[in-house]
Amino acid sequence: MKVRNQEGEKIDLLTVNIGPSHPATHGALRAFVALDGEMIRAAATEIGYLHRGFEKMVEQGTYQQVLPYTDRLNYCSAILNNIGFSHTVERMFEVEIPERATVLRVLLSELSRLIDHQVCIAAAAVDLGALTNYWYLFNPREDVYAIWEKLSGARLTNAFTRIGGLYRDTYEGFEDDVRAVLPKIEKGLDDAFRLLEHNRIFIDRTRGCCPISAEQAVGWGWTGPCLRATGVDRDLRKDDPYLGYETYDFQTVVGSTGDTYDRLLVRMYEMRESLSICRQALSRLEPGPVNTPDARLSLPGHDKTYHDMEALINQFKLVYEGVRAPAGEFYGSIEAANGELGFLVVSDGTGRPWKIKVRPPCFTQFAAYADLVEGSLVADAIACLSSLNIIAGELDR
Amino acid sequence: MTFQPVDLDKVLTPASAEGRKEFETRAFESLRSRFEAALDPRDRWGLTAVVPARHLRGAVRFLRDDPSCLMDLMLDITAIDYLGYPGHDGARFGVVYNLRSQRFGSNRLRLKVWVEEEDPVVPSVHDLYRIADWQERETWDQYGIVFEGHPDLRRLLNHVEFVGHPLRKDYPVRKRQWLSTNDPMILPLEARLEARGFQVLEHVAANSPSVEETDLLGKPAVEKVNYVEKAT
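Chains as they are written, first to last, in numbering that gives the first Met the number 0: chain Y, 0 to 396; chain R, 0 to 231.
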């Protein structure tokens, strides 16, 4: 592509596609760039390669049938999406879920946040050529997947929550499994810390790489760790507490310069806080029901269904007609691993949602990507992309 | 494009439920007196203010800049199609702007603009929030709402050759479309180069599979878009 640059010289730019199908994009994302040597002079991004029509599909079924779809949003931390959606619908009913379900949701949220951050940090380090961290972070991640498998029967797409509580109570030995996995995660994290935090090569590659100021990040609608890396101390768990997060002792982690180094380090320090929340939640775990007794939301259970006519009708209507969310429009959100995950639910009072719009946290981050990488090297663009942790599942829906 | 810098040094403590209610009452009072806003009864949990399209930009700018609001975060822009919604009469679409304040932790507010099917046009707010650019593109893609003044209203999630707007209630769920070519994206790249002070001297021809090639597969051929011609 022949262009005249700002100084009036004629130069030849090379156009290259980064993605959509490349290991370094960690998903089907496309950045079409104009290169001057290794320098990106301009970039245009395209998304939609993983667009499955989530918002069209969810209008076809009942509220309960939406839940498994939410697994496929951010598939690195599927349970967080389940919790976000269930929590939103419960708030439309203004129903409180039992204490045990609340504490379990906090525990599962933080475990999901841990494994999500592990993906981001490990993949980012691999992109920079630091492969060892990958095993330090991914081995304990595998142990969390083993817990997921025992809990829900699925490794990746768990669909573990229900509107009004959880799919079922935990299995025997669940708490011991979690107690055993936390030190493993901590050990892997500490090892990765020691390898990365003061590593000359890592610092040279990431510090000052694709920075963004707090004002710009807010203008781009950023939330979550990427926003906190710019120094904005905002976390929905603190600002708009849900599931009783205000009663847990943890700190938000903020960066200062909003560069790739900060984005990764914020995630690493956040993992420490999540580990602490997990331990606090474990100590609060008391036996009890995991589903609300509210018959508008919860199934009556087999013993009642088979022996009681009203319970049978209740079961039938909940399964066939769905949970009937009150008519109206409601926006509920939680702090997912990448930022604010919101659901705008429009209900017409029937068991099927009129519309559900997902507000995915990645969307805002990737929208800024072209601006972030213009003027930087191709290798920096790759480092930047992995620090943003773009998950195509929720980006494209 | 200029953006109002937001003083984020001093972040305020999270608002209580009463504080939030008080903010909503105050913000709505200002919106009502200055921008003819009305309450949307469909939002029974928070605050959705319906404003006429001609006041949308004023209302958004007010919410963003007024020291008592500082809704500096545009969470989302989307539309709701009310075709066939029980008991609904009036405009078919509502375009929803979902706002939150970073400065005042949890203050939230939604704006809604009614849009008629025959004339689905609302003013764009892409210059007030940078993220609105993509959010408006997505809404146009999915619902066919035209954002007047948007510099580059292209599809975002759906394929470049896609016809129709899939989230409209009258778009059949099972409808399939044959889409054959890549989006060459030459034009957006050239636009970005020019925005950065480069002058494009020679337009590159878009490389896409030929129409004949798709004919051989026995599938309906699509009309090829001539990007080079469009560019000049």
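Any given hint might turn out to be false.
Listed below are the simulated DSSO-like cross-link pairs for lysine-lysine, each with C-alpha atoms no more than 30 Å apart in a straight line [claimed, not checked]:
1. Y:303 - Y:316
2. Y:303 - Y:55
3. Y:55 - R:168
4. Y:237 - R:168
5. Y:237 - Y:186
6. Y:149 - Y:1
7. Y:9 - Y:55
8. R:20 - Y:55
9. Y:183 - Y:237
10. Y:55 - Y:1
11. Y:316 - R:168
Hints are computed from structural coordinates only; laboratory data are not their basis.
Only a predicted model underlies this, so the values are computations on that prediction, with no experimental measurement involved.
**Prompt:** Going back to the hint list, which numbers does this structure go against?
**Reply:** 2, 4, 6, 7, 8, 10
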